[in-house]
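Asks: As a plain string of letters, each chain reads:
2 protein chains.
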Amino acid sequence: MTNILPAIRSPADLRHLSIAQLQQLASEARQRIIEVVGRNGGHLASNLGVAELTIALHYVFDLSHDRLLWDVGHQAYVHKLLTGRNERFDTLRKAGGISGFPSIHESPYDLFDVGHAGTAIATAVGMARASQILGDNRRVVALVGDASIVNGVAFEGLNNAGVLKRQFLIVLNDNSMGIAPTQGGMAEYLAKFRVSGLYEEAKRRAKQYLPQIPIIGQAAFDAIDHLKEAIKASVSPHQIFEQMGFIYVGPTDGHDIEHLIELLQALKDVQHPVLLHVHTEKGRGAPFASAEPTKFHSPRPFSVEESDCGCKVTIQSGGRSWTSAFADALIEAAREDARVFALTAAMPDGTGLNKFQPIFPERYLDAGIAESATVDMAAGMARGGLRPVCAIYSTFLQRAFDQIFQEVVLQELPVVFCLDRAGLVGSDGAVHHGFLDITYLRGFPRMVVMAPGDEPELNAALRLALSLDQPSAIRYPRDNVPEPLGMECPPFELGKSRLLQDGPDATLLVYGALCRQALDAAALLAADGIRVSVVNARFAKPMDREMVAAACDGRPVLTIEDHSILGGFGSAVLEAVQELGLSTANVTRLGLPAERFIPHATRAGQLKDCGLDADGIAAAVRGVLADRGGALRLRSVRGVGVGAA
Amino acid sequence: MTNILPAIRSPADLRHLSIAQLQQLASEARQRIIEVVGRNGGHLASNLGVAELTIALHYVFDLSHDRLLWDVGHQAYVHKLLTGRNERFDTLRKAGGISGFPSIHESPYDLFDVGHAGTAIATAVGMARASQILGDNRRVVALVGDASIVNGVAFEGLNNAGVLKRQFLIVLNDNSMGIAPTQGGMAEYLAKFRVSGLYEEAKRRAKQYLPQIPIIGQAAFDAIDHLKEAIKASVSPHQIFEQMGFIYVGPTDGHDIEHLIELLQALKDVQHPVLLHVHTEKGRGAPFASAEPTKFHSPRPFSVEESDCGCKVTIQSGGRSWTSAFADALIEAAREDARVFALTAAMPDGTGLNKFQPIFPERYLDAGIAESATVDMAAGMARGGLRPVCAIYSTFLQRAFDQIFQEVVLQELPVVFCLDRAGLVGSDGAVHHGFLDITYLRGFPRMVVMAPGDEPELNAALRLALSLDQPSAIRYPRDNVPEPLGMECPPFELGKSRLLQDGPDATLLVYGALCRQALDAAALLAADGIRVSVVNARFAKPMDREMVAAACDGRPVLTIEDHSILGGFGSAVLEAVQELGLSTANVTRLGLPAERFIPHATRAGQLKDCGLDADGIAAAVRGVLADRGGALRLRSVRGVGVGAA
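If you read the protein sequences in the order shown, they are chains A and B. If you read the first sequence in our numbering, its first letter stands for residue 1, the second for the next number, and so on. If you read the second sequence in our numbering, its first letter stands for residue 1, the second for the next number, and so on.
Just chain A, same shape as in the assembly:
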């Protein structure tokens, strides 16, 4: 059989294919994805689930004019294969290659760079309103997963979508029946009417068919009682969506491509908000993935070995991650203090709390994709006498900025925020970098903001955090923990830095995870006879002023952080220097560029790109020293942003 996928240059090519060919295309897309994700790592199970659905959407809608919004966006691989990105698809998540998420820089079919959940409905509403006003007559479709739709932003979006008086389609991709088991019965029955025309018309037609429901032969009371129960049990999603103004259609089989096309054709010009509820199977087409969809949600590279006894899948193993180190530290802390309670927002694996949960099931909560409520629940727990620890990625904690302010900081409650994925995150790219947390946290009164440099420091930081009567935050990256920074790890004391190495020529003032790189840079410099001090500041707030005063004695000081150069650790150092009445003229700040986003690559590659690997740091020190030798003052360091646009 000829391969179809390579011949698809754009979605328009789909329309020449038969249903059987479209089905074959779905299989080929799956194979391509399994191959490439096996090699590069990435999101697997969800992408395998939406092959037919994606093909049907591109078949029915002209998405060069109409608008398709992806929620979260990790499930857009088939979409990428169909929109001219098949050839380059093996560069998935590699430096310079195809992004793991929709990207406006890759294709006009990608309308938003996304990665955080729950936003597509609201952006789609905005696009629908824009189309209404500009009269450019675009259909708008949002594709949303069942885990996303319970997010607060999604709910707000629904609430604002239901009032639209025009075409607006939400496809609810339900791959875990997370909302409610709603198959068959009344739901399917009603769905059939509704797709054949407008809602009101369907309701009229329903009257014709209703008497055919079997229960009609029974006694009046029973009929009423049963129907009431039947409506409650079987059409429950209706009620929510219909109350919010939607015509609800479904649930339907998301792998029946012919039926999907029929449904979408019937729905595409309904001038009213419609929600199409589709059931798909995560990991469809790869039995190892459908059997363990969580394990294969976003695996590292893996290999599949086929044999007579089935297939054996081996996922590449990593080293000891900061995530694992955190999980073990928290388990230890929970053993010592019965008040410790762990919270996550739908990331038990990513935050390591999947290790915590079986040990302390009563002291663990996964709130779903609901960072805002998670922080508020933690605040309630702290007010009630517990010691809650919120383990949330740096980038996702952005969703709870206002809850951190109002429920935690304003009450001075001892909630501990553990920010995994702080700094550059590697192949997930710009949507997931934790590049703003120091800025957004240190503005809060009484918030302690700290960062460990190795695993013993992570333990020590968590220990301090749990002993405080005020809010605190600990950041660490998506990386393996480095070799310990020293033989012994002094305990974390509020606002006290740690001198890692002493040297007269300059001071590397590091914030947390890049201490290893700084020590390696110091070793490179030592080979040239340049001897530098290396300090882990440990705290961005409160800042160790004694240390700052000592470092700013006229010798060069370089601040080093895995965070935006604006408003972060380096800026906190500048504030301290200024308040001490000292000069900042000898200070250089290294960090992420202020005005550009770092694309996907390995974390090591990204650090190098930003001049934050050992070589980059050593080069910066040499530059500063050379500059001081010469007549010019240092203004900027290559590769490092220096402020405003």
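Since the hints were derived computationally from the structure, they do not count as laboratory data. Quick reminder that beta carbons are idealized off the backbone N, C-alpha and C, glycines included. Treat the hints with caution; some may be incorrect.
What the hints assert, rightly or not - Stretch-level coverage of chain B by chain A, calculated; a stretch enters the list once three of its residues show a Cβ under 8 angstroms from a Cβ in chain A: (1) 104-115; (2) 252-262; (3) 318-331; (4) 571-578.
Starting from the known structure of chain A, arrange chain B on it as the hints suggest.
Replies: Positioned in the frame of chain A, the structure of chain B alone reads:
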């Protein structure tokens, strides 16, 4: 009749009163509130609505042990009167007086300082879980308004509350029927059963009573059809709340104190999440307020003149506010550019968009209390070709931090954020200050962050913002616009400051609204022969580096902002100074203290408290100059925070 209210020292005193006395108490509380709010301004209509409900809650629950969480909290005045704060109540919202919101510093009955909506359910869940774990057996009640419950955080809270296996009561205070008209019929009917016991028992009893519904006599088809419709129409809130795991009770009359007490008694020990839906009338007991509940939601001080022809209410008039100036500027801009679209999140009055809406109804959207979705919708509009303007208070835009990041900044979309209430807000106090926006906005790549100093500058800033192909933000305070800063207003040019006055002794580098205070300080200083330059930086990003370089020539520079001293405008100046290779030793930063919250007072009083009025600024300049004269370097300025804890 003896007055009852003065005798209530704590809620325990309520339990000695008869129903008639409780009713009288409700009236007295209303009178007290009308009097004090008339004098001090404050939230009126909503507080008048919850008098009976608050009394019933305190009557039934022992809230010194049980937990009552207020959502938003602007409706807690009666609660304050009942919990030992009647005597001091005439200090409401005054410096040193009773806060307009619940406050942990005022009373152990106030569990959270709140002011932002939608969070009480989640914090209550946290408290319920803490009580479970600690075994201290506290009942938990959250009181939530109908405008709040459609907020995303509230939805996330509901989603996490429904799974609790213990007592948990949400009282839905529905004062505008914002959710759905659900009175009477089936709903009331079901409510009667449910309050008499647990849910399952109620369902069993329902079977007994169902045949008594009138429609039972009709033909089977009709009965089914009607019942289906009836269920849909009348019990719609049930479906949502019941699906989320709640027992739904109501709706019930929130002014029938006897029935409320009965209901609450019946519900208080149900070991399952319960939602009690209560209808109340905004402005109850004050016909002028119930007739115009929006006008009297949070009025300025007013006087009531009783006469034979009814009563005449006069609200104190203010001057020309920044809010009005913005509204007029936006209307003007919308006339010139058909792409301009205005969005607000439930604050049409507070943002001035109530002036915009009648002129451009098609280009206006009030999304409800849903800041996150509002920003996402704006992003969708911008992507679709419009020029959306989001008018959201600085403190509430905190709720959309992550949406600004992902949907606006990452896509470089030209959304304009207009931040009213930036800086100190006066009598609403700490929960409403806009003290973090410079920090949280300037970290975003390509975001333009600006602030006008007077009305012509506001017009010019908005004009620039709408011409940009990148996101931008304009901040202005809750205040009247000052006299124009100069005869002519030069247009806003990206990254260019405006010199307002020249002088050799020091430079006052102001960010926006405090230019007037800085000019007044300059006048005070001039009387002593000290001549200073005054500059409106206009931009916190991009910073005017030429201006910074020129100002930092060895003479003192004082940065002045109505914002946290950490990470804001002054810090942006430090970054620029450092990057220019200059010394910060001559820079002094004036702003809000880093580690304490400014309590409610007048805005003028708060500025004075922070040393940001003309006297404070002049004193700071004198201090800096004296210090330079002496041997000591300036380290801090009285009343102004200087960094970490």
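Asks: All hints are to be evaluated individually against the structure, with a verdict given for each.
Replies: Quick rundown of the hints versus the structure:
1. 104-115: holds (count 6)
2. 252-262: Not satisfied, violated; 0 residues make the cut.
3. 318-331: Three-residue rule not met by the region 318-331 of chain B, so violated; n is 0.
4. 571-578: holds (count 7)
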